[in-house]
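Student: These are the residues of each chain, in order.
8 protein chains.
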Amino acid sequence: MDKNKLSDLFNKVKAGEVSVDDAVDRLKGLPFDDLGFAKVDNHRKLRQGYPEVIFCQSKTVDQVVAICENIAHKGNNVLATRATPKMYAAVKEIFVEAQYNEMARTITITKEEVKEDKGYIAVVTGGTSDMAVAEEATETAKALGNEVRTVYDAGVAGIHRLFANLETIQGARVVIAVAGMEGALASVVGGLVDKPVIAVPTSVGYGANFNGLSALLTMLNSCSSGVSVVNIDNGFGAGYLASMINRM
Amino acid sequence: MDKNKLSDLFNKVKAGEVSVDDAVDRLKGLPFDDLGFAKVDNHRKLRQGYPEVIFCQSKTVDQVVAICENIAHKGNNVLATRATPKMYAAVKEIFVEAQYNEMARTITITKEEVKEDKGYIAVVTGGTSDMAVAEEATETAKALGNEVRTVYDAGVAGIHRLFANLETIQGARVVIAVAGMEGALASVVGGLVDKPVIAVPTSVGYGANFNGLSALLTMLNSCSSGVSVVNIDNGFGAGYLASMINRM
Amino acid sequence: MDKNKLSDLFNKVKAGEVSVDDAVDRLKGLPFDDLGFAKVDNHRKLRQGYPEVIFCQSKTVDQVVAICENIAHKGNNVLATRATPKMYAAVKEIFVEAQYNEMARTITITKEEVKEDKGYIAVVTGGTSDMAVAEEATETAKALGNEVRTVYDAGVAGIHRLFANLETIQGARVVIAVAGMEGALASVVGGLVDKPVIAVPTSVGYGANFNGLSALLTMLNSCSSGVSVVNIDNGFGAGYLASMINRM
Amino acid sequence: MDKNKLSDLFNKVKAGEVSVDDAVDRLKGLPFDDLGFAKVDNHRKLRQGYPEVIFCQSKTVDQVVAICENIAHKGNNVLATRATPKMYAAVKEIFVEAQYNEMARTITITKEEVKEDKGYIAVVTGGTSDMAVAEEATETAKALGNEVRTVYDAGVAGIHRLFANLETIQGARVVIAVAGMEGALASVVGGLVDKPVIAVPTSVGYGANFNGLSALLTMLNSCSSGVSVVNIDNGFGAGYLASMINRM
Amino acid sequence: MDKNKLSDLFNKVKAGEVSVDDAVDRLKGLPFDDLGFAKVDNHRKLRQGYPEVIFCQSKTVDQVVAICENIAHKGNNVLATRATPKMYAAVKEIFVEAQYNEMARTITITKEEVKEDKGYIAVVTGGTSDMAVAEEATETAKALGNEVRTVYDAGVAGIHRLFANLETIQGARVVIAVAGMEGALASVVGGLVDKPVIAVPTSVGYGANFNGLSALLTMLNSCSSGVSVVNIDNGFGAGYLASMINRM
Amino acid sequence: MDKNKLSDLFNKVKAGEVSVDDAVDRLKGLPFDDLGFAKVDNHRKLRQGYPEVIFCQSKTVDQVVAICENIAHKGNNVLATRATPKMYAAVKEIFVEAQYNEMARTITITKEEVKEDKGYIAVVTGGTSDMAVAEEATETAKALGNEVRTVYDAGVAGIHRLFANLETIQGARVVIAVAGMEGALASVVGGLVDKPVIAVPTSVGYGANFNGLSALLTMLNSCSSGVSVVNIDNGFGAGYLASMINRM
Amino acid sequence: MDKNKLSDLFNKVKAGEVSVDDAVDRLKGLPFDDLGFAKVDNHRKLRQGYPEVIFCQSKTVDQVVAICENIAHKGNNVLATRATPKMYAAVKEIFVEAQYNEMARTITITKEEVKEDKGYIAVVTGGTSDMAVAEEATETAKALGNEVRTVYDAGVAGIHRLFANLETIQGARVVIAVAGMEGALASVVGGLVDKPVIAVPTSVGYGANFNGLSALLTMLNSCSSGVSVVNIDNGFGAGYLASMINRM
Amino acid sequence: MDKNKLSDLFNKVKAGEVSVDDAVDRLKGLPFDDLGFAKVDNHRKLRQGYPEVIFCQSKTVDQVVAICENIAHKGNNVLATRATPKMYAAVKEIFVEAQYNEMARTITITKEEVKEDKGYIAVVTGGTSDMAVAEEATETAKALGNEVRTVYDAGVAGIHRLFANLETIQGARVVIAVAGMEGALASVVGGLVDKPVIAVPTSVGYGANFNGLSALLTMLNSCSSGVSVVNIDNGFGAGYLASMINRM
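Residue numbers (UniProt numbering), protein chains in the order written: chain P, 1 to 248; chain U, 1 to 248; chain D, 1 to 248; chain C, 1 to 248; chain G, 1 to 248; chain V, 1 to 248; chain S, 1 to 248; chain X, 1 to 248.
In short, the hints are calculated from the structure, not lab data.
Among the hints, erroneous ones may be present.
What the hints assert, rightly or not - Listed next, the in silico BS3-like pairs over lysine-lysine satisfying Cα-Cα at most 27 Å (straight line): (1) U:Lys-74 with U:Lys-92; (2) X:Lys-118 with V:Lys-118; (3) X:Lys-92 with X:Lys-74; (4) G:Lys-118 with S:Lys-118; (5) P:Lys-86 with D:Lys-86; (6) G:Lys-86 with V:Lys-86; (7) P:Lys-111 with P:Lys-92; (8) G:Lys-115 with G:Lys-92; (9) X:Lys-118 with V:Lys-115; (10) U:Lys-115 with P:Lys-118; (11) U:Lys-86 with X:Lys-86; (12) S:Lys-86 with X:Lys-92; (13) C:Lys-142 with D:Lys-115; (14) P:Lys-115 with U:Lys-118; (15) G:Lys-118 with S:Lys-115; (16) U:Lys-118 with P:Lys-118.
Unchecked claim - Output of the computed footprint for chain D on chain U, the stretches with three or more beta carbons under 8 Å from beta carbons of chain D: (17) 103 to 110; (18) 156 to 170; (19) 189 to 196.
Ideal placement from N, C-alpha and C gives every residue a C-beta, glycine not left out.
In isolation and in its complexed conformation, chain P is listed as follows (with noise of 0.2 Å):
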């Protein structure tokens, strides 16, 4: 339920076409439903502006299928991440219209579209392995209604590939990087663009990579202005504040 929906409910509830019990009523999942193993948080979208995801990893498929019921039967869209197929599977029959992203392992099951037009996201990789962490970015910022471009595999140990995109990234309102091993990727992209830089290193390398650290502590340290960082693999992450600060 976001602000306009609760805004129109006090207005009628004013103007006399709802009643106060009614009112009460659809408003008494606020601020969360008790699942017992979850407490569903509905007030999110008033506070945050999007219903809250369902983060699947740990999650029995029950759980995410519990949750899904409890979000998307409020008339909210479903966006889950680091699903399994099988949780696809079981969500799915539930709700045909779900849809699952093998690479990003995100569903989405949409209620009522949405749509940002005020420029869009572009998502750049340093190889082809950090393609998953950037999917997940892609389809999370999508589920919140931004148009994104990605441009993959333009690591900078050659460099003129990155060049040869540089108009796409430059033309956008908010850049998502997403890099492994060293992570070099943030920073030369920071200093290129005048646009906020969400970095998100990722796990892909090896030995002294220690499973993302070093990408973490190069995007940390980055020279460049304008850029922040999230967690590691945490492709959600960067969608869902690309998506905030391309609402601006």
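For this one, chain P is given, so just place chains U, D, C, G, V, S and X on it according to the hints.
Tutor: Then chains U, D, C, G, V, S and X, alone, in the frame of chain P:
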């Protein structure tokens, strides 16, 4: 030299008001001036909207003064971070209008007023000890033309102090959350607003704080959406990014 | 064998009701039984008020069964943690009264009811994924005779879910706060109650969570007073300590 | 302002002995006083039973004095930790009754005597070098009204020194075990008592001690039940928690 | 080939009992045999008193067999550590006298009995779970001719179990202390004996144990004198060194 | 397309032997071919003298085949590292001349023979277990046209094995030193030769090896001059760099 | 008071030469003297063969003097490590026979000559900078009655320097290998001798040495058998253990 | 004494121009001079082509002077790194020709000119603050006879500064890339040249830079081929290795 000035110059050339030679002369500093020990990036204003900021740490007083002169004499505003009182004294001798924020350790020389009127940036700190970093963020954002409102010492150990200032925080277009020790502030704030939160871990604390590592990890792992992180104690980076977002 | 039984024995010896030889016989298990691969610490009940708990991880099924028998056949209650279903099946064959909590991975055999009536222990978790650890704490505290009330999925990203349960939390004599990811829950809870808070970091999360390191450091650096920390995922330790405090 | 005083006030208002305006006046400091750089948490006494303690590290002398005044002038006791001699001198000028424990680095101003008579807290250290942290714990616990008995330099390298003091240790209601280097003291003590043990790792040591990391990990991994851990060198935290438990 | 055999050979050459060519032939394997993938160090027995031990981890079954043959066919005893059952089966086909200790994961082939009669080595463990590492140490020390006495599951959480075996421990010429989790055993044992203590940290534990790091740091920081440390889980190294010392 | 071919092309255009359109056609792949998921860097051969090498880890079989085709169909040699047998099977179906080194996990397709005749590269390993990494280095260097001589299992624990091969090592133009565990090999070799030593730490070992961290730090801290280090297990990187130096 | 003295005392009591009261008086210091801030472990000489050594770091000058007096006045030798010149001056005023080794930072007071004549201990260092730690080891071993021979600056970067001193090293009964930076010395020495090698990592170095971590890991992962490790910079520990072994 | 001089000497002996005794006399310093605290490695010039370089850190002024004399009096050039002004002053008194580079902290004494004419080495830095390390590399390479060209402050945040100097960088035979903070420079440079790149991480930065760890990991994980890494701040090592490669 920003985009407007540049267009202006080209228009004047076109109109015959400025000779080609003169135009070239004005532009010859582009893309950078080589001072030997430093290449001042004059192109940055064009690329990123604000001239190069001087990071004074591990530079000599003479180097800082030389870079200040190079920037200011082109009519650009100067922002120098991590500046010592000694550096300020030396700069002050040349630029009487230079100002020093002792807690923030910033020198500012204002050549032309900049003013954004989109809304304000909120800077929140967990404790009194985080103020130095918060002030660096504040000074940076102000130097870039933003209005800033501060809420200091509102950490989660006495969470009613945070709630008492919720209006200020929720009214901002961007929030900078500065905290040391366990750094939980960013997650709590992130859960309460629908605007981007830039988290700045500080090295304030002791023991298992490990010079800011604790707060850094906390913030990177934030379970709240819309939170991204900059380097430990990087008030400047937060202020710069916040300004970039606020301009959108 | 607890203090009361021991006094009782001595009194009986004194009164001539039990011969010295018999008394010695009953006590000969003290201070421990040597099973070769393990020395079952029968003395612990005297020293610490509860018989040795079996930590099943990296023990064989046979070893677990043997230790269960050793403890139970002296009439003591059994609590086995980190037990696999296979271990439970083997124990169940011998002790029909044995019970298994699958999520908590605990086996309990109750030989004598224990009941504290001082008040209850609250177990709060940040997310659904922290439930396994919370259940281990809960099972442990219950096995030691405590009443336990749980508040699951009340993390700080939607802090109103925590406040909605504040009464339960503030009414407890001891609070166990279980959280992964950034672990901010412990600090927030610690600031809201005037009772000891036992913080349990969990390994739930990914990336810069580093298998629980993030939550661990957060909790150790808590700016709230009255918070202490046990090992990552150590639900048992928290439940045991909470019971010890609740008995005071 | 504690619960009793508050009830008293309400009763007086009810009885007409205090006017509503006066009552409001007395309460207006609640929940905190905003000193600009700090928000003194007056509400804490109500919430947690003791007024805010001043953590002096990285505060200026003026800030410490100002907070002391704010607390003491409401008739509350003051406890300031990590205080320098300079801070003490400045506080002493205003409050002649202020006292300084040089080793503990604590300032105390006693406005009203508090006294718990439940039993005593034992503070045990591994070595002479751990005394500073132990004294901070001791001073804190005493300031909160507890009796404290200390057993210093009783580390496990000469374990008979520990056993010689076993009666003192086992007689306590809560034990604080303070140790640096390898920190084995907490485990050994934890195995010998049936009361909560609060382990405080210290940064005492060298080399692979890594500023207390060694003792910290040891204590977190303690194989003894009933042991929980606070931050490295956090004597205050241990003393505060011990007092909280001792009051139960 | 050890020193005695070598002197013998030279004496026989001198006495004309062995021709120079034959002598050269017998020695030609020295200093090593090159198997292509491995250079078997036959010289080691001369240099260090025992032929090369085979570290099987990350070797193929064929490689292990080939090295076994190379060593055994010179009449030397074979000790292979970290050997899988599969490796044992393959070796057993060639050497019927080969023996396997499943817990220790060692293969031994005895070509000539070795026997030290100086005294015995004590192997003490903190818990049942440390037995695999302890057995590796025991097998190694026995293979090198030492008497070994074991005291398993005598950790500091129930320190009376350790004291009950003090005589065995104090009677040894060298003590090997094997412990995981917090590893405090080494310090306590080190303080009780006047003989060298070889500490072996194990990776047994979870959470902040960090795969043995906790026990490793504890042991390195031991406040007891006479304690030195080998690598995590390095039972072989401890057994080898203990034997070296016991021979003195 | 290397520099010679390029000059040739321009000469032919100049001489009218190739039309401008044809020339453009041949060059249009430059600087890279965009396969969607990957941008194959054809320009690299010009820039760095050898076409892009395929790093197969975390790529799909289809992606690897597609990139192989893209490179080989331009007449360039193919080197694919970290290739699985499955990848090899798929590539083999298209390119019968493809070869697989199982230990090195490399696929090579030779389109044109390359041969350097400056001298040879020596690859030395500390143990048998380091061979996989050494073979990757060897295959890489050979694919780039170098003669390679290997000295395997020559670690410092039996240093005479190293000295027995000193001539081979000192005769090389570049030495690659591959070692796990403590990685001391690089320092010892570095002190014995007057040629560049490329040190490759391997993840071989256990315990405090921490997946190669130990060998990595050892090599970075080498007290021998002329030693530089590549990533843990990065045989390819060492072979590539060695070839680059050998060509000088 | 060592075993001989003790037996002597009992014999004298038996023979009536010493009254029981006098005997008790002489023994009453056992097992320790409580100085308040320290419990001097007089029992250690009986248990471990040498009286307690004073670790001066983070003790005050007064504390050091008091402990010296306590030990020396019983007729025991004193060894104080990590002693400052100031401490020495204060001790010297009371004990004119006190001696100071500035590089080793040790104070020694000799009350009775001790002399082992089993053989000598060799102390080898990698570089000149490791001498301080080596001297601490040397002084300790000498104070305990051992002959010590030193080979300084014989690191592996110029390995012929080591071989030139091989006779000295191989002739020792125990070898102490002291090295910073990459610490490869211990492995090389360990491969060359058939006696126990005690490895002492030093904090000498910079960068990725991380204050001795590099050398520590190297030594723990030593591929040579017979090597064990003490804490970083722990010359005392090495000297003490070497003496313990040499006495066997 | 290099190979030429040595051949010369032998020829003279052969020709009777130098007596055997005199020859022996000249050679007796080989392979090293033992100064007690240091063994000066005269053999190194023969083995590695350049006499031992003095690493002054943690040596005394007297030790540095003594080693300088030992080297220089044999007619060899001297290079001393990490030298303090005080050391220089002491050396200058004896060798008037000694020169000091304050930023690089190097002392050089030139006894014979060395000159390579193969090509030049490029030294590139990310920022002004990396200059000290770059100068150490430069001084070292020059002392070894190389031409060096520097490109300072060309970091990736303003990548056009790098491209403006591409010709200088691409024209070099070896490139040294010096960078702190995120160290991305090495990857970008590595992707642009076909010559070996020696990456030197510096400790310049703050926060999550962790004293150079960030840049170190970045460089080790470089996705560009042909990049190898030396220790943090190890300008000398880079210069030495670059010279070694440039001589090929």
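Student: Hints first: check each against the structure and report whether it holds.
Tutor: Now for the hints, and whether the structure bears them out:
1. U:Lys-74 with U:Lys-92: 18 Å, holds
2. X:Lys-118 with V:Lys-118: Roughly 16 Å separates the two Cα atoms, so the pair holds.
3. X:Lys-92 with X:Lys-74: Within the cut-off at roughly 18 Å; holds.
4. G:Lys-118 with S:Lys-118: Roughly 16 Å between the alpha carbons, so the hint for Lys-118 of chain G and Lys-118 of chain S holds.
5. P:Lys-86 with D:Lys-86: Roughly 26 Å between the alpha carbons, so the hint for Lys-86 of chain P and Lys-86 of chain D holds.
6. G:Lys-86 with V:Lys-86: With a Cα-Cα distance of about 26 Å, the restraint between Lys-86 of chain G and Lys-86 of chain V holds, given a limit of 27 Å.
7. P:Lys-111 with P:Lys-92: Judged against 27 Å, a Cα distance of about 14 Å means the pair holds.
8. G:Lys-115 with G:Lys-92: 24 Å, holds
9. X:Lys-118 with V:Lys-115: Roughly 23 Å between the alpha carbons, so the hint for Lys-118 of chain X and Lys-115 of chain V holds.
10. U:Lys-115 with P:Lys-118: Within the cut-off at roughly 23 Å; holds.
11. U:Lys-86 with X:Lys-86: 26 Å, holds
12. S:Lys-86 with X:Lys-92: 34 Å, violated
13. C:Lys-142 with D:Lys-115: Violated: Lys-142 of chain C and Lys-115 of chain D sit about 33 Å apart, past 27 Å.
14. P:Lys-115 with U:Lys-118: The hint holds at about 23 Å.
15. G:Lys-118 with S:Lys-115: 23 Å, holds
16. U:Lys-118 with P:Lys-118: Holds, at about 16 Å.
17. 103 to 110: Three-residue rule not met by the stretch 103 to 110 of chain U, so violated; n is 0.
18. 156 to 170: holds (count 4)
19. 189 to 196: holds (count 3)
Taken one by one, the earlier hints fail for this structure at numbers 12, 13 and 17, listed in ascending order.
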